[in-house]
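Peer 1: Chains as they are written, first to last, in this note's numbering: chain A, 1 to 294; chain B, 295 to 588; chain C, 589 to 882; chain D, 883 to 1176; chain E, 1177 to 1470; chain F, 1471 to 1764.
Derived by calculation from the structure, the hints in this document are not laboratory data.
Every residue gets a Cβ at the ideal spot worked out from N, C-alpha and C, and that includes glycine.
Watch out, some of these pointers could steer you wrong.
[What the hints assert, rightly or not] To be clear about the criterion: a stretch of chain C counts as covered by chain D if any three or more of its residues have a C-beta under 8 Å from a C-beta of chain D, and this derived list gives those stretches:
hint	stretch
1	693-700
2	705-714
3	718-728
4	754-767
[Said to hold, decoys possible] Sample of chain A residues at the chain F side, in silico, Cβ under 8 Å:
hint	residue
5	Lys-16
6	Val-21
7	Phe-30
8	Val-63
9	Arg-274
10	His-277
6 protein chains.
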Amino acid sequence: MAVKEKEKIMQSALEKANILVEALPYIKKFSGKTVVIKYGGHAMLNTELKQAVMTDLVLMKFVGINPVVVHGGGPDITGMLNRLGIESQFIGGLRVTDSSTMEVVEMVLGKLNKEIVSFINQLGGRGIGLSGKDANLIMAAKKLGKDQADIGFVGEVENINPQLLKTVIEEGYIPVISPVGVGQEGETYNINADTAAGALATALQADKLMILTDVEGILADRNTKESLLSVIQTEEIPALIEQGVIQGGMIPKVECCVKAIQGGVNTTHILDGRVPHSILLEVFTDKGIGTMVK
Amino acid sequence: MAVKEKEKIMQSALEKANILVEALPYIKKFSGKTVVIKYGGHAMLNTELKQAVMTDLVLMKFVGINPVVVHGGGPDITGMLNRLGIESQFIGGLRVTDSSTMEVVEMVLGKLNKEIVSFINQLGGRGIGLSGKDANLIMAAKKLGKDQADIGFVGEVENINPQLLKTVIEEGYIPVISPVGVGQEGETYNINADTAAGALATALQADKLMILTDVEGILADRNTKESLLSVIQTEEIPALIEQGVIQGGMIPKVECCVKAIQGGVNTTHILDGRVPHSILLEVFTDKGIGTMVK
Amino acid sequence: MAVKEKEKIMQSALEKANILVEALPYIKKFSGKTVVIKYGGHAMLNTELKQAVMTDLVLMKFVGINPVVVHGGGPDITGMLNRLGIESQFIGGLRVTDSSTMEVVEMVLGKLNKEIVSFINQLGGRGIGLSGKDANLIMAAKKLGKDQADIGFVGEVENINPQLLKTVIEEGYIPVISPVGVGQEGETYNINADTAAGALATALQADKLMILTDVEGILADRNTKESLLSVIQTEEIPALIEQGVIQGGMIPKVECCVKAIQGGVNTTHILDGRVPHSILLEVFTDKGIGTMVK
Amino acid sequence: MAVKEKEKIMQSALEKANILVEALPYIKKFSGKTVVIKYGGHAMLNTELKQAVMTDLVLMKFVGINPVVVHGGGPDITGMLNRLGIESQFIGGLRVTDSSTMEVVEMVLGKLNKEIVSFINQLGGRGIGLSGKDANLIMAAKKLGKDQADIGFVGEVENINPQLLKTVIEEGYIPVISPVGVGQEGETYNINADTAAGALATALQADKLMILTDVEGILADRNTKESLLSVIQTEEIPALIEQGVIQGGMIPKVECCVKAIQGGVNTTHILDGRVPHSILLEVFTDKGIGTMVK
Amino acid sequence: MAVKEKEKIMQSALEKANILVEALPYIKKFSGKTVVIKYGGHAMLNTELKQAVMTDLVLMKFVGINPVVVHGGGPDITGMLNRLGIESQFIGGLRVTDSSTMEVVEMVLGKLNKEIVSFINQLGGRGIGLSGKDANLIMAAKKLGKDQADIGFVGEVENINPQLLKTVIEEGYIPVISPVGVGQEGETYNINADTAAGALATALQADKLMILTDVEGILADRNTKESLLSVIQTEEIPALIEQGVIQGGMIPKVECCVKAIQGGVNTTHILDGRVPHSILLEVFTDKGIGTMVK
Amino acid sequence: MAVKEKEKIMQSALEKANILVEALPYIKKFSGKTVVIKYGGHAMLNTELKQAVMTDLVLMKFVGINPVVVHGGGPDITGMLNRLGIESQFIGGLRVTDSSTMEVVEMVLGKLNKEIVSFINQLGGRGIGLSGKDANLIMAAKKLGKDQADIGFVGEVENINPQLLKTVIEEGYIPVISPVGVGQEGETYNINADTAAGALATALQADKLMILTDVEGILADRNTKESLLSVIQTEEIPALIEQGVIQGGMIPKVECCVKAIQGGVNTTHILDGRVPHSILLEVFTDKGIGTMVK
């Protein structure tokens, strides 16, 4: 090899070393902490993003941080419902989860769950896929729609039994959780994945809750990315909702963050899942990305 | 209450106590031992039988025996394939498991898996549902059909990583396992549930392997139930196959038993899953039921 | 075997299985709990009853419940005193326990203690016989008789040091305890076995205290067994004593139950030791037998 | 206080310190080791000697050595047999242990056992009294007399189950053991205390076995104490027996030492129990006292 | 050996045994307790005294007491400063510890530290030498002299991180500590050894703090040793200082004791390090030696 | 912030994330492994290099790799000897380590040792400084010079007692070790730091031994850096020495590597300590730097 080339290699190696070294303070800071990640949206669809998320999880585990994944199911569920010709009834604009829909939801989530686990294992991690039914992890109760409408097997979290999670985290596994809840009589409930992630983060007294979304975060002005709010305090939120800065689907996500913080989670984050390694960037850089709610 | 009635109650209570006392030697004998149960067939379809099996599992766990369940999926898989209009190709009489079939298999098994878990939890046990993908529990490789035909994602067990199972058993959980294997590249394989159960029993050095079937056991004369062979030795098997006493679908089941015994499992049992509490009867009575291969 | 006969066997086996299954809720309920049993009276004299009690203890231990036995000595002590020609002095109707009497009491209790232990071991349990002297388990002080009369080495419990018991229970042994206490100066005291059992149940924070007696329990009308009071509340007791429903030797037993409940024991039971398996029936049936004081 | 007096006090304190310091190498040498002591003879009868032995045991435990006591019963047994008017039959010069004799033996041993325990506890140790029946510690079988004569419930050690002992030693207790064995059917056997001590020392892989006797040790010339043999090798023993140097009751004691050494015990000692603190002197001085068999 | 001689040996052995036995109550009393010893002055210079101190430490450890040593450096430091021609500046009568002085202090302390460790190891203990820098054991901050004068790298204890000490004590080591502190920026501070010992005793919640000095203790009348105050209460101290009974270099030592007691140390002792085995005498005799501050 | 700037920041963040991700396979590979590093030469003198080495150590520890440092003392020792006017005698070209020289060596090493520890702690690691005297870590014996010349307190490693190291590594500390050995009589020996590092790597069954030097590694042609031999096999070494490729001071280093490999160390490395982060580059890149001996 020519001298020049060698020097170039060495130069690049040193740059790499320096970047590793820069990560040290973050590794120290989060060592032994638990981070719950709501994984969904684009980051589940795009192969490259998926790969990036999985790598981030495995890397975190190896440097001593404990990730817990709660995933959604989105388009695959709709796809399967369509393939099976199951038509959904809507009450007050909400899809009713009847028993055959619930069965499809559970099946699709189960398949996605094991896919994620398998991906983690391929990368050298040790994933374990669970649903809220395992060891009664997520106990749930029926949730009513608007005007007390019966919207079927949609549930809200009643109680989290985190002992199994604690055991598997302690033993070095990365738990991947389907947001399926179980009722007092063993009935199955569909739980919103953001809510499930928040409840689990609280029960585990996680240091961070990260919600991967398909937006940059919360923008002061919806039209310019530059207006991203890096940090918002829980007390500013009512005003931001009133002003329409936080609106639509973002409202429940933010409420979920607030509840987690009130429950003892240190910081919560609305991240842009479309950016590769957004999880890693959040953990390993000072500024982070997206919006932190604290 | 009249005196007579009271005496009757007391009489019946004493009979109950005596039966519990009769169970003591069996409880002592199997205390701390692991029993792997292949759960399938009628016992999965009939609600009453299902209830009986689940109760047997929970009871075993409470009296200090460690059950591990490996379940099949049978009719539900076919049903879902039909509903989705997935037609199967057949090579040499064997159904080819292409990727869309495999996806359905995995989804249906996943749903059944959590159903079993939930049933166990309802009865006061602590079930946890796993597939061979979790923590790479069942590593598998592609299996070829007759004449080296490619029959798709049908796998054979290459390696069992039992550490996760040992941890959850030790922590008091009842593991329920879908017979899905994972390949070196993360690909999914359909594994025969009997084979998976046998391999897991070996890897766990289980005391017993029980295969629930829809027949009485092995009959010397297929036409009379009275000809049930209670015990057969592994060395008698080749002759029994040649004589046609062991035939058809029973052959791989028996071979699976032989392999487990050679791998260190103490006894293996072909049980009649149509009899309620057949598992309990096998563990808690001297004669047992069905055919023991040892 | 004829088909009929086989069917009969199977039928009976299924009945057995059903009874085991009925026991499950009780096994779950008392799993890991400690039950202190005062063993005395007829149940110690009759061989068949003795066998039944010992079996109950071993069975409980195997299904995860922790029995602790405190035994009396009754007739054997009197027999030995007679054989040795030791005449007892009586003050105010109470037998004075002088040092030679105490020596006999201790010896006879010691012999009975090891007999019980040996019986437990024969049945597959792991018994260990202790007296209040071992590791200062029962620290006692001199108790005076009526009008402050000196009645010799009769003691009352001053303090229980339960550490040794906790260790042996944890390690899987069934402790069998002679109600002998030890004073500050190492002197030996005879302790009432009911009282010792109550004090131990309190110190161990047992779930149940069971006192085996030679009566049905507490009868509202002494003349009819049908008048058995299944449950009495501690607050009803003063009235029941005044009415003469609770009287004579039953009064201290009931007081002992009250004290245990005040000390944190969950339920206490006056059982009929003349009924075989009364302990098991109390634990494994809804109604129980005898009188529960709670 | 006068200066002189003070200096004297200080002088004596320094001498004490020096003696403690001299003990250090022995403390180091035996730290964590187990020493089995056969306690019997004069040392059990004389109050002062008893006190000295008990103190030695407690001191050893506190400095990190683990004593295990096996005691005899001697004169107390004969006394009680006499008081009860039980006459012994003799066959071939050996007392026959019939069942009523055995009962007395067990009772008296039990009483002595708890006396020793209580003494240890008074001195600040934590004694626990066991017999060979506890957790089947000493399994025994019937031993025949000369010419196969039936001499009743005299047993020989068949098997030691040392787990219970290991647990209580580890937890800081000093076990005190009555040499009572238990047979396959639960029958009680009288075991020679020396033999029991030897078998326990072997099962515990003790560092030392010490047998307290009422003689100086083995004397080359029975008439002069100065002829004490400080050390004898196991291979010298047959000759010494032939010469009559080892004779009578000393022969089984020496054989018991030889067996223990062959079983892995490091050294065995025939000590003069009439010398106060003979145990301590053996452990904490170079020369030791009595005769060491190795 | 002549009989007389033998008897003499035996006599002396018995005396030794008695002295060991007398130590038992003290061994019991301090079993498992931590004792912090400030080691300095004559006891570090005189070979015989050094040997005595080291033996005391090892003996304590073997009988279950946990010594922790903090040593000074005294004359060796001055010697090395002289050899290196480093002249000290004095401000307000206090030597200024500039960086080159600090370097010498640390080097000399380090050498002495390992000498002590090696001595302990030679005697069969397991010493481990640490400075306040190890695992940030002693965090310190700059201390100013009189009138806020800058006296260089003289530090006061800010915080003790005792975890490392607890680990090594638990694992059976004797920690030996140089009184060197470390600042927030990693700078090195010279800490007064008495102060360091007091702070460590507090952080470890030691039972005793012993300060070895070159005087008898606190004398009521400086001119007569007989006037030694065996015990002083912390509340008497201000008066004693005012009266000049406690004066000069003794004042900070006594203040250090007071602070330790206020911090939860049970007793503190000003001992005469010139008396061999003064540590042992303090622990193993009733009167102790020197002055106890409590 | 302008959009461009933001994009730049994000770009750079992504590059950082990618580099972290690239490190994952190495982190996985060495997770839980022990790496012994001989630290000396330029890397100890240059502040920037020192900082880089310390950061590498702390980073390794945080990502789950266990570094153990053995350091030299070089110029500081000579400097101090000069300052103290200690002149060295030379025998056969070797400096004789007399007792006053040894004292200086030990003091200077001790000071450097705590400097390294303090540096590690400043960076958030938990360093602990030890010498071979602590818990008799490095037992040594006198080494003779050429022609059996007495060269004073130069020692060779006789035995390593790694228990203390294992404990502190397990508890999360980074041990830093001065290459000082201790003889049977407690005498101090100067040990070559490369040799000490090799012996410790062997005793700890380390995965890697890294020797930091002031050269690029082993060059096939001393005059061109490009001729660096990346890997040499132990069997090639004799020829390379004969050819003069390995010569002078490199010979003992290479021999030390060979010995470590024969002792079970996986790979050994001669690294260029003048390159910043050479340790990290060796662990976290495929090619590594310097010469690997395996």
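Peer 1: A separate judgement is required for each hint: does it hold in the structure or not?
Peer 2: Taking the hints in turn, this is what the structure says about them:
1. Only when three residues or more bring their CB closer than 8 Å to a CB of chain D does the claim for the stretch 693-700 of chain C stand; here the count is 5, and the claim holds.
2. Interface restraint, the stretch 705-714 of chain C with chain D: holds (6 residues with C-beta to C-beta distance below 8 Å; minimum three).
3. Closer than 8 Å: that is the beta-carbon criterion, and the stretch 718-728 of chain C has 6 residues meeting it against chain D, so the requirement of 3 holds.
4. Here's how the stretch 754-767 of chain C fares: 4 of its residues keep a CB closer than 8 Å to some CB of chain D, so the rule of at least three is met and the hint holds.
5. Taken as an interface hint, Lys-16/A checks out: its beta carbon lies about 5 Å from the nearest beta carbon of chain F, inside 8 Å.
6. Given hint, Val-21/A at the interface with chain F, holds; its Cβ is 5 Å from that chain's nearest Cβ, closer than 8 Å.
7. With a least beta-carbon distance of about 10 Å to chain F, the hint placing Phe-30/A at the interface is violated under the 8 Å criterion.
8. Hint on Val-63/A holds. Least Cβ distance to chain F is approximately 5 Å, under the 8 Å limit.
9. The criterion of a C-beta within 8 Å of any C-beta in chain F is not met by Arg-274/A, whose closest approach is roughly 12 Å, and the hint is violated.
10. Proximity of His-277/A to chain F holds as hinted, the smallest CB-CB distance being about 4 Å (cut-off 8 Å).
Of the numbered hints given earlier, the model fails hints 7 and 9; all others are met.
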